[in-house]
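> We have chain A; now place chain B onto it with these hints.
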Amino acid sequence: MAKSNLFVNGSEGDKAIVLGNEAIARGALEAGIGYASMYPGTPASEIIAVLDKNKKCIENLYTEFSLNEHISLHGAIGASWSGIRSLCAMKNVGLNVASEPAQFLAYTGVKAGLVLAIGSDPGAPSSSNEQDDRWYSLHTYMPIMEPSNIQEAKDFTKDAFDVSEEFSFGIVLMAPSRLCHNAGVLRFGDIRDRKNIKGNFKKDPENYLNLFSLAVKNHAKYLERNELLKKYLIESKFNKIINEGQSKIGFISSGVIYAHLMEAFDILGVYDHKILKLGFSFPISNELIKRFFEGLEKVVVVEEAEGFLEFQIKKIAYETGFKGNIYGKEFFSKTGEITLDDVIFGVSRFLEKPLPASFDFASKKYKELSDKLPQRSGTFCIGCPHRATFYSILKAVGFSNTEEKERDVVIAGDIGCYTLGLLPPYNAMDFLTCMNAGLSIGQAISNFDKNKKVIALVGDSTFYHSGIPVLLNAVQNGADILYIILDNSWTAMTGHQKTPSTQKDIDGKPSANVLNLKDLVKSLGVSYVKSLDPNSVKRFSAQIKSALKEPGVKVLIAKRECILQEIRRNKSLFKNDAKVAETGESLYEIQKSRCVKCSECFVELACPAIILKKDEDNGGDYYYIDPASCVKCGVCYEICPNSAIRKVEFDLKSEFKLKKGLPEAIV
Amino acid sequence: MKKFNIAIVGLGGQGIITMGTVMKNAALNSDLQDVSGSERRGGAQREGYVETFVKYIFYENAAEMNNPRKNMHSPMIESGGANALISLEPLETLRGIKYLNKNSIVIFNKTPYIPISVRMGKTKYPEISFIVSELQKVTKHIYYYDIDAISLEEFNSLTQKNIIALGILFAKADIPIERSAVESVLAEGKGAENNLKAFALGLNL
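Chains as they are written, first to last, in this note's numbering: chain A, 1 to 667; chain B, 1001 to 1205.
Hints in this document: simulated from the structure, not taken from any laboratory.
DMTMM-like, lysine to aspartate or glutamate: derived pairs with alpha carbons at most 20 angstroms apart:
{"#": "1", "chain 1": "A", "residue 1": "Lys372", "chain 2": "B", "residue 2": "Glu1127"}
{"#": "2", "chain 1": "A", "residue 1": "Lys613", "chain 2": "B", "residue 2": "Asp1148"}
{"#": "3", "chain 1": "B", "residue 1": "Lys1110", "chain 2": "A", "residue 2": "Asp621"}
{"#": "4", "chain 1": "A", "residue 1": "Lys597", "chain 2": "A", "residue 2": "Asp615"}
{"#": "5", "chain 1": "A", "residue 1": "Lys614", "chain 2": "B", "residue 2": "Asp1148"}
{"#": "6", "chain 1": "A", "residue 1": "Lys15", "chain 2": "B", "residue 2": "Glu1188"}
{"#": "7", "chain 1": "A", "residue 1": "Lys365", "chain 2": "B", "residue 2": "Glu1134"}
{"#": "8", "chain 1": "B", "residue 1": "Lys1070", "chain 2": "A", "residue 2": "Asp272"}
{"#": "9", "chain 1": "A", "residue 1": "Lys632", "chain 2": "A", "residue 2": "Glu585"}
{"#": "10", "chain 1": "B", "residue 1": "Lys1137", "chain 2": "A", "residue 2": "Asp360"}
{"#": "11", "chain 1": "B", "residue 1": "Lys1003", "chain 2": "A", "residue 2": "Asp266"}
{"#": "12", "chain 1": "A", "residue 1": "Lys613", "chain 2": "B", "residue 2": "Glu1127"}
{"#": "13", "chain 1": "A", "residue 1": "Lys365", "chain 2": "B", "residue 2": "Glu1127"}
{"#": "14", "chain 1": "A", "residue 1": "Lys15", "chain 2": "B", "residue 2": "Asp1031"}
{"#": "15", "chain 1": "A", "residue 1": "Lys571", "chain 2": "B", "residue 2": "Glu1193"}
{"#": "16", "chain 1": "B", "residue 1": "Lys1122", "chain 2": "A", "residue 2": "Glu406"}
{"#": "17", "chain 1": "A", "residue 1": "Lys53", "chain 2": "A", "residue 2": "Asp507"}
{"#": "18", "chain 1": "A", "residue 1": "Lys290", "chain 2": "A", "residue 2": "Glu227"}
{"#": "19", "chain 1": "A", "residue 1": "Lys592", "chain 2": "A", "residue 2": "Asp621"}
{"#": "20", "chain 1": "A", "residue 1": "Lys364", "chain 2": "B", "residue 2": "Glu1134"}
{"#": "21", "chain 1": "A", "residue 1": "Lys575", "chain 2": "B", "residue 2": "Glu1193"}
As the structure is a computational prediction, the values presented were derived from the model and not from experiment.
Chain B extracted, bound-state conformation:
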């Protein structure tokens, strides 16, 4: 059995759950495969912390898939258990540090969204350099971009930033599913033209 875990974090309203749904739908072609992963929704509302997990499970054979000791999986990712972390907000990348190990790939958007506590002058927002240096203490595979700016420039909207980030993921990490599978999911969904463009844009960053 092989597993591949992706943690996606960010804020309510950034399209985090959509990213998880796209990645899960891209992995429906094999029978010896399971996909799972829970989401945090509800009370988070706008600007609250949201996370979603994508867990791919690949069984060696049918016997393994039917073995009750092997075929039941938690919807969560354990500390240090993510092969990749995508974060659409810099501060939240640090909250997602719990999922990282030394081989994890980290992709994050460096546009900050200032929490209320900072707005009220009660706490300070960490510098990007601090965020990067903390992440580097765990893994060397860190990639960050101003994805908000890229999305605004290309699409005159922030809506595509999540799909751009998925493109970057495929460019930087060895994901055990086909790019074309993601593209066909995007092609069937809403706003297909822009999403395919955004995915390609991310792939080339």
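So that you can see chain A by itself, here it is in the shape it has in the complex:
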């Protein structure tokens, strides 16, 4: 957001360009929340990050980056029961972790409004699955709202708190990554007065105690509340029937896919069919659908994933005696993201309407070309300590990226920035599922395949999220495994939220309660634990080698801060302290005469700062460290087998003068 304080101070009549996630946060702010929490996860992270960043200028707001989603949702429930409107956010798979509190929320109900904003990730650009969390509501009974654009993201969130209080449900606000990361115009509303946000927990055993017959009673209560909500949704402003013309064809859609659908109609020049926009995709009222069905012969449900709406609509069609046909997944894929193009294709096929010429030409042209283009995958940032960690692991187990041989060590992957180590050139993971699957699956593999050593990886944030019981379990059950904790002090991939490992904030301020990870691991009963700098690759690699020879649970902590955070902090210190600017700098360069292009730095380490340059003299190529992108981590310098990389120390100040070409006397 450009004028960032509009987020805090904006009122009716103001508008700004905001991100979908920020719009959700703003909606919650307008509704008067006093509590906001999450365990960070793309695509949802900015929802709480923007509140956390601005909390100093917002009266009576508590924010928390919780250690995991289970804790985070429980926190929101506690706040709600204390009379505080609360917002909890998470990514789609987060609900698996928070499914237990979610399951109980319908039983107990809420006091002040509670909204659970979930960022789903169809196409899985930043997730390990495509899970559609809407299915959870078939048993959690949490109502689901699906905004279609940025304005609705804000407006729906704001309204969700009222609905939550009226029907005593926690409301799920679903936003796929396309909406979370859509930036566009938001028109603000007024913010509720924040002076009187004050907690007051009142005992309510009838609702809050769940066991035996009390639980059965509460079960009946939420089924009743669900029926009341259905009735409310017949006439509510959230579900809209758009009815023009005499067409016997109807379209049902929700969320961002509805936005795609409306644009697809415009592109295809189709304006005459009946449309149902579902703002609430659960529960759905039979009466509403019956009204929509009137006069229709064919209905098509346009949605992502495996057909949550279609499933409900078909059930309602059966119950209401609809005689027409209902379509859905025959025209829209169950897997991957449903893009605007996919909706255009599906609608054109369903209506047997030809595609516009330029659309048809462009999509064919792209198809023809795309297979021929080299694939591009993300990699670690230049200077990232994870790159050094993977290099060290692969060297320790005698593996090279360029040789076609099987690794005989099993490497268990996990979730975080270091997950990118599964991509080429490292290919350094043998399985990857959910958070903290690495050590537990790895423990069993090491138990049953005695011929292979197992290395399990985990990041600091992931370890704190739910890894502690997993490690304790390995110790208690006498596992034989090497566990490497890649401790970069931040939840880096989601935009650098703090973890218990964070030593210093970005402005240089030391954190209040820094945890000693090594001591923690020791206290869990691990006797073999060492903390090392992964950028000292030779030492680290040797340590991995010797740890693999030891029996039992071994823990190595690869401790080095995320390079992005280190650079950011240094930059701000640099700005404030002229003296730092005067100190010497170092530069790494490859000496052409000594380099034999052995590929150790270029392919094995594969640092993107090392590039191939055309040799003007002989037309060949040579390796070159691009000084504009190198961050001087020195790893390539350490690994070069021919000592072709040299370190040049120089004085920044004199270099500056040199560049300007001015003799010192004149300056």
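Just chain B, lined up with the frame of chain A:
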């Protein structure tokens, strides 16, 4: 209703998202106007493919703006739907070809960033001449520069290349928002002096 779609593509870390944000913020002055467009972030990290869309929507009147059949827009651009494509990496320009039609303006940076697959010798990086000839099969309006070199030469840094590219966009395409609006967004942002200089530099290329 009139629409104007800009697709911006390149790699994580090149400032693609910033370009989208600047272009969107430059279009907040009219009431009969909507701006939208999604970004790809997250797992792309460094060197991964990143794209952002800027979609300007201009309504004829308030009735149109309130018509539910007219006022809902996808955050994406459809195949063949971009009025302009800016790419900060040559190979990625070819991936962005899906958004082009015969009237689209293409602006691309010809400094290649070699993907890992090429680094490992598994695939070949296409020649610039191939990239240009493929683009020419769709549109004749193609402009390319070594924007990395220009940025390095002027600013001794690559940071300004995205804003230089925005300047080029305004020089070559008929953008339905005012240059001055972009300049005032840049003037309010971080590194204003260099960014304004970079924008002017692009305008004169």
